[in-house]
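Combine both chains into one complex, guided by the hints.
The chain contents come next:
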Amino acid sequence: MAKSGNILFKNHNKQKGKRNLRDVLGLPYYIVVLVLILLPFLIMILYAFSSTSDGTFDITFSLSNFGKFFNEKTFINTMIESLYLAALSTIFTLLVGYPLAYFITKLSRRKQVLMIALVTSTMWVNMLLRANALKQIIDMISPSLMGSNFVIILGNVYMFLPFMVLPIYTVLAKLDVSLLESSADLGASSFKTMTKVVIPLSLSGVISGCMMVFLPAATTLVIPKYLGDGKRFMIGNLIENAVIQKHEYGYGAAISIVLGLILLFFMFLLKKTDKYDEVLDYEQ
Amino acid sequence: MAALIELKDVTKEFNGQVVLRGIDLVIEQNEFVTLLGPSGCGKTTTLRIIGGFIDPTSGEVLFDGKDILSVPSHKRPTNTVFQRYALFPHLDVYENVAFGLRVKGANIEQSKAISQLKKEYQETIKKMKNEVKQAKLELRSKGFDKEAYKEEIYKIDGDLYKKIEEVYNEKQEKIHHIKQTNLNKKDFEQLVNNKVTKYLKMVGLEGYERRSVSKLSGGQQQRVAIARALINEPKVLLLDEPLAALDLKLRQEMQYELKELQRSAGITFIFVTHDQEEALTMSDKIVVMNHGEIQQIGTPEDIYNEPINTFVAKFIGESNIIPGIMKDDLLVSFDGVDYVCVDKGFAKNEKVDIVIRPEDIDIVPLGKGILSGVVDSVAFKGVHYEIDVITKDRTFTIHTTDYQKEGTKVDIVFGPEDLHVMEEW
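Protein chains in written order, with our numbering: chain S, 1 to 284; chain Y, 1 to 425.
FYI, nobody ran anything at the bench for these hints, they're computed from the structure. There is no bait here: all hints are sound.
Derived CB-CB ranges, DEER-like:
{"no.": "1", "chain 1": "Y", "residue 1": "40", "chain 2": "S", "residue 2": "191", "range": "33 to 43 angstroms"}
{"no.": "2", "chain 1": "Y", "residue 1": "293", "chain 2": "S", "residue 2": "113", "range": "32 to 42 angstroms"}
{"no.": "3", "chain 1": "Y", "residue 1": "212", "chain 2": "S", "residue 2": "103", "range": "27 to 37 angstroms"}
Predicted, not measured: the structure shown is a model, and the values here were computed from it. Ideal Cβ placement from N, Cα and C applies to all residues, glycine included.
Only chain Y is shown next, with the shape it has when bound in the complex (with noise of 0.2 angstroms):
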């Protein structure tokens, strides 16, 4: 796979508060990228300097290699999905999603061909000339008489308009040739038609063309919202907390058919959340933010299982997170008591913190544990009971699906896998 979006040192500051600092990322084709943070974090300013609606303070964005700071938004090729959808209200659901198609014209490839053509022909006439000059030049230094001079110069300078008017010619019948496969309005109406037909079909919404967007549903706008952006075939799709509008049904849906749409379509995605159980859902690389900084990049397991701080244990999912000390590799000690983990590569008595999952703990009768304490108190959560245990040094946070009483004498036990090490944040 290779780099297509690549942030080099990216800095961000608003009225001298920095935003974003340092943001290294290099994102790849087709996959799907997630910035997860909290509220301020920087995530949805990192996705607006990709998409160009501002510029970084300082710091490169590659796009395929290529620096495109200086492109403003609406040449990039890069489409997105606004938070709040930021539908047309004049424009019924055919035309918002017709837009796209609409404001790059008919004939966009053809004029662009063309101003190329003019270009390189522009180009080449320079060449020509100074060629001309060069040669003019080397005749002066051959020393002829005047007359023959003059009639060297004569005929270079024929050659030279017949040559001209050679490539003028060609240019032109190139031209004429680009122009005669411009599109009149029928076919180019019949283009757009065939497209929002295909892609309000990708999203669902057949039969709602002529629907003003102000009486569609929440899921309903984020389609069409979906739909004006993927119509124009964006090499990336940025999406900003497309879902958190949406009721938690809705968004269980959508997440599964982005996903599928993102993998159907061969496109970039780029998406932001603050939910992390939605960023470990659908994405490939999580990009985890905090104060804006990156805290971690990784799989969304690499990210679960193996949190590079606290934060991004806190963040992810609930945890346990107890200090410790790293006796040596694949033994801690916390609480007075050293266990065997494995993870490995600390200092020798380095301080650090031990993350264990809440479902990674298990309750089980007095004695049978590795250590003993009281539930303090249950909750239920749905899937699976919520029990904190009180022992002798901490109280754990377990999730299990057998209940308990509270008050109820137990042990509870994990074993060296559980244990997930931490340099200390």
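If we strip away everything but chain S, and leave its shape as in the complex, we get (with noise of 0.2 angstroms):
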């Protein structure tokens, strides 16, 4: 965008109303950038680094919220289990959303289109509704398991798993057979064409998979609120708490930025095991 908007500046005038208008069209891009993204964050940055928590607007610097969570043992405990809740999640999507978008792949080309359909269904139906089904299946079936981990891993695999096959049919659809052909052409069995080919050649939309998994299961409410059996609080539930129970918005902020960084710290590591980003870049 910027290269490009450089070269029309340089252009003749006659072009600069091209140009108009192309930042015209781009306005409720930077409208909705600056309203809905920038500016919460800025409040919520005010918020976690001031000492008010009555909601009037007398703003000193503090960092007490931050020392306030760091000091609460069971805040970081409950922390760490939700990440590591989101990880096994993550991976057991993974486990399931892979091989289902492999088979995926190998249909025709209008059972893809149902089964893909079939895949995303469940998210035609609102979130609470979907938890609360399955808690209820739960309940029928073995009440005592209400709260385990277990659940709360099959609530999150349950609810993500479009998002994890979705990418990487994509990426898997858009694989070349003719890469497969010479794969088995120059000796290769089916099992090393998967590991040696398939796989490397997925990891983008494998990577993009785990984040849109990782990123909602680690901060969901939905699930510990309804699978938890009231025994199970996840980070998510602890900022609505302080939020919305006890007005702690300082508070709240400060566990949501501690939050981000840790995601932020998490993603950057995903994206460094994609390393043939650069290839895939280029194909598209």
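Below is the structure:
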């Protein structure tokens, strides 16, 4: 964008009109970024670093919110547990989602569309309803399971499976069949073709899928609320309590920022593992 | 020369549509065979059947006399250069070329030998046990008394165990011996490095080892694809229009290099193309195909000079095709005039087609040729002019280096050896 803008700027006046039009078309985007992303973010930072928590705008800089968080062991433990469960959920979603996406690409075109519609069909139903439905099923089968790691992870896998399947499917569907043929031609068994060609080339889809699952799974409110049986609290619930019940906006903001930074770090790590990033960029 | 690959009555249908019909083809060792035909003629399908990417609906594919249809593509002694190269985008040039070696692993020969030994061992044991069984049966029929019988059995069994132990030890020792020749990781890397360097050198890509394949030009990508296929030392290299994406100059260069490679490496090449010039330049044997059937098999000269039907004549170069009648051996008639020709073996008064290549017709001054006509059009083609001359009965297309003005009255001339008589098609 910036590059083409520059080039246009150097050109005749005639094209200046075009450039203006382009700026105007970008306006909604800028507004969204400013009002819905940047502004709330700034407010959050403001809250986190100020000592007022009674709602009046008497702002003094302080780190007390962060101090409070880092001094409270249960909160840190909850944070670690949330990340741990999110990581496990991501792994299990991947284990279910990758083979599923792979087998969908092996179907005929029409069946592929149908299968993708089926996989995403759970998203047509409200998340609260789905969580509630799962809760009732588990209550029916084995109530003692409620609140266990197994059920929390099951809930996450159920909720976020489409987010894993879709990006992996997209990458696998684009995979050139002749690459698989040439791999076989060069002597690779289908297993070797899988490990040496298919998986490396679909890594970018795996990574976006993992991000799409890990982020919401780490901060989810709904899953522990319905499947936690009142005894499981995750970081999302703690933030919710701090803000909605105790009106400790600064405290909630501080936890959010710490969580955000940790997640950012995880994203960075994930991105690092995608060594073929450049390759796929070129292909697109 | 021995037949390396044999296709027997190979037929392929896709959804009830026949794309190959009764293909019979023999390919010999060290041959450069070209499958030539317009798109959709089944030439690529034939290649893919040999490579093992699709199965024929019926028919046999023999390799060294053995049926290979049940052999999956990754176990066939063929390697393929794909039309769009199909290089692995996530690997650099070096790793692309090394791929074949790596998937086979360091000690393929050894593990093959070991599994062979184990098989032999199992068979020997089985044979020995059978012999013992037989011996016991014979013993029973000899009618020993109980004690003596038991003793004999005991002796036989003892012998058997001793023998089994011997064979087992022998086998273990052999396996141990083979395992000692196993390469460790470092040696294998060295071997891979040597081979990759050798083949990159062969295709002229030294110094490109760590380049990403997406940053190579079409010609370079094609060379990588060839090196990658050759490193497995296949007996047959299958090439699916590998030069189609290259510009003319590069294509001619690669044609020459491929031919050189085929000669020096002693590999059978099966080459698919729709470019007749390419086929004529490179091949030892051309297989002309159309509508899923083989039209003609022969050397480039045969195909060009003696096309078997009008399709081949039209597809291989330009030609004037004239319907006529074979009056007798060495005598053909068209447009009401008899001409002496060099063909024979047709029935008397059989309807035939006569092919005259445009470069075989000469334009001479009025009154000095066989037929008179008027120059209708002149087109400059680089090396030659393409001139259409309208005579009383038809238009002749002529290739000549001499310019003629449009509207000039001229004569044309051709000799008996320029008339190629074919069965009517």
